[in-house]
Amino acid sequence: MPAGQEPKPAWRISHHGAVDGVTGSCHQLSLADGQSLLIDCGLFQGAETSREGASAERLAVNFPVARVRALVVTHVHIDHVGRLPHLLAAGYRGPIVCSEASAKLLPLVLEDAIKVGFTRERALGERFLEQIRRQIVALPYKEWQTVIDGEVVLRIKLSPAGHILGSAYVECELRQGSERQRIVFSGDLGAPHTPLLPAPQSPYAADVVVLESTYGDRCHESRRDRRQRLQAVCEHAFGNKGALLIPAFSIGRTQELLYELEEIIHRNRQRAAAPGVRWEDLDIIVDSPLAADFTNGYMQLRQHWAAEARRKLATGRHPLDFEQLTTIDDHATHLRAVDSLARSSR
8 MPAGQEPKPA WRISHHGAVD GVTGSCHQLS LADGQSLLID CGLFQGAETS REGASAERLA
68 VNFPVARVRA LVVTHVHIDH VGRLPHLLAA GYRGPIVCSE ASAKLLPLVL EDAIKVGFTR
128 ERALGERFLE QIRRQIVALP YKEWQTVIDG EVVLRIKLSP AGHILGSAYV ECELRQGSER
188 QRIVFSGDLG APHTPLLPAP QSPYAADVVV LESTYGDRCH ESRRDRRQRL QAVCEHAFGN
248 KGALLIPAFS IGRTQELLYE LEEIIHRNRQ RAAAPGVRWE DLDIIVDSPL AADFTNGYMQ
308 LRQHWAAEAR RKLATGRHPL DFEQLTTIDD HATHLRAVDS LARSSR
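Taken in order, the sequence shown gives residues 8 to 353; the numbers are from this note's numbering.
Derived by calculation from the structure, the hints in this document are not laboratory data. Warning: the hint list may mix true and false statements.
Claimed, not checked - Think about it this way: if two alpha-carbon atoms lie no more than 30 Å apart in a straight line, the pair counts; the simulated DSSO-like pairs of lysine-lysine are:
#1 K164 / K149
#2 K319 / K149
#3 K248 / K164
#4 K111 / K149
#5 K111 / K122
#6 K111 / K319
What the hints assert, rightly or not - Cβ pair distances, simulated, as ranges:
#7 H200 / D288: 44 to 50 Å
#8 E137 / F245: 33 to 39 Å
#9 A198 / D156: 23 to 29 Å
#10 N69 / K248: 52 to 58 Å
#11 E128 / R76: 43 to 49 Å
#12 F245 / H200: 23 to 29 Å
#13 R260 / H325: 42 to 48 Å
#14 Q331 / R230: 36 to 42 Å
#15 N69 / R230: 39 to 45 Å
#16 N247 / F70: 38 to 44 Å
All residues carry an ideal CB built from backbone N, CA and C; glycine is no exception.
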């Protein structure tokens, strides 16, 4: 090395999203030899897009992908995976590494994203979806996987992040001779005691942490307080002889909401209710075909639920498919439900 010249860093981190905003997560860990690892490839949303939606510039994968050795998906929300079809269109054919639950949910999420934001040509969309399925590699939590094996060895490990089912933070270990460094990418983090999900545990050690902070500037109410507010909504519906209509499609939040509603109904059925209140008669309507698909996906992945949720299943309860719940999964049923509610004055 010429005198006075600084040694080249062994690695560097580049950010291709979620820098001047909170969506479009995409981070690149590059080694000195040009090989790299990509963490997420998400879509820009909301105020971070133009009035007409995501612009071509915002959708573009504006970095070379030839030496990207793996893409690691922290979780399947669209602001973390929505640019994946564009990554494939740019030529990426490497592994898409994610947790076992995310491996099942990712095609479901991208099927809709491809139709809405990538192409309306059905055959082309199906080809992209099939290509994505071929590239998915499911990695169990807490297992190290080598993704780059050369002068510098790069291993990754996924651990539960408590955000949605299958969410993970990513530990990256770089080894060069006897030197080791560990870099952690948080993805989106959930709170302890989130319904359905095992509580996240912090990594043992890290030299560098790339940390999300979307809601880090506020104090959050407890799960107990949220459940009490939700029960007050249910009681208000009883008072109006109404029903609960949930026009939600978000993966994760909808399922948490259903889980808490089932718990509220179960607890109150065990107690002496106020006159005229029959908790078993409360109608709960989830009006979203996407929510129906995601909830079915959650139910098929019950082996990944938290111990509390699996204990309920063992007693014969069904936290995401209880008798008071009606899920609308097509437009015709939506119209019939709205008409029925209007005629009944509920």
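For each hint, the structure was consulted:
In summary, the hint linking K164 to K149 is supported, as the alpha carbons are separated by about 6 Å, within the 30 Å threshold. The suggested pairing of K319 with K149 holds, with an alpha-carbon distance near 26 Å, which does not exceed 30 Å. A distance of roughly 51 Å separates the Cα atoms of K248 and K164; the hinted pair therefore is violated under the 30 Å criterion. For the hint pairing K111 with K149, the CA-to-CA distance comes to about 18 Å; that is within 30 Å, so the pair holds.
Proposed proximity of K111 and K122 is supported: the alpha carbons are some 19 Å apart, at most 30 Å. For the hint pairing K111 with K319, the CA-to-CA distance comes to about 23 Å; that is within 30 Å, so the pair holds. Distance hint check: the CB atoms of H200 and D288 are about 30 Å apart, inconsistent with the given range 44 to 50 Å. Remark: the range hint 33 to 39 Å for E137 to F245 is contradicted by a beta-carbon distance near 48 Å.
The given range of 23 to 29 Å is broken by A198 and D156, whose C-beta atoms sit roughly 37 Å from each other. At about 56 Å, the beta-carbon gap between N69 and K248 stays in the expected band of 52 to 58 Å. Checked against the hint of 43 to 49 Å, the C-beta distance between E128 and R76 comes to roughly 31 Å, which is inconsistent with it. At roughly 27 Å, the beta-carbon separation of F245 and H200 lies within the given 23 to 29 Å, and the hint holds.
Remark: the range hint 42 to 48 Å for R260 to H325 is contradicted by a beta-carbon distance near 19 Å. The hint said 36 to 42 Å for the Cβ distance between Q331 and R230, and at roughly 21 Å that hint is violated. For the pair N69 and R230, the beta carbons lie near 41 Å from each other, so the given range of 39 to 45 Å is met. As the Cβ distance of N247 to F70 is approximately 54 Å, the hint placing it in 38 to 44 Å is violated.
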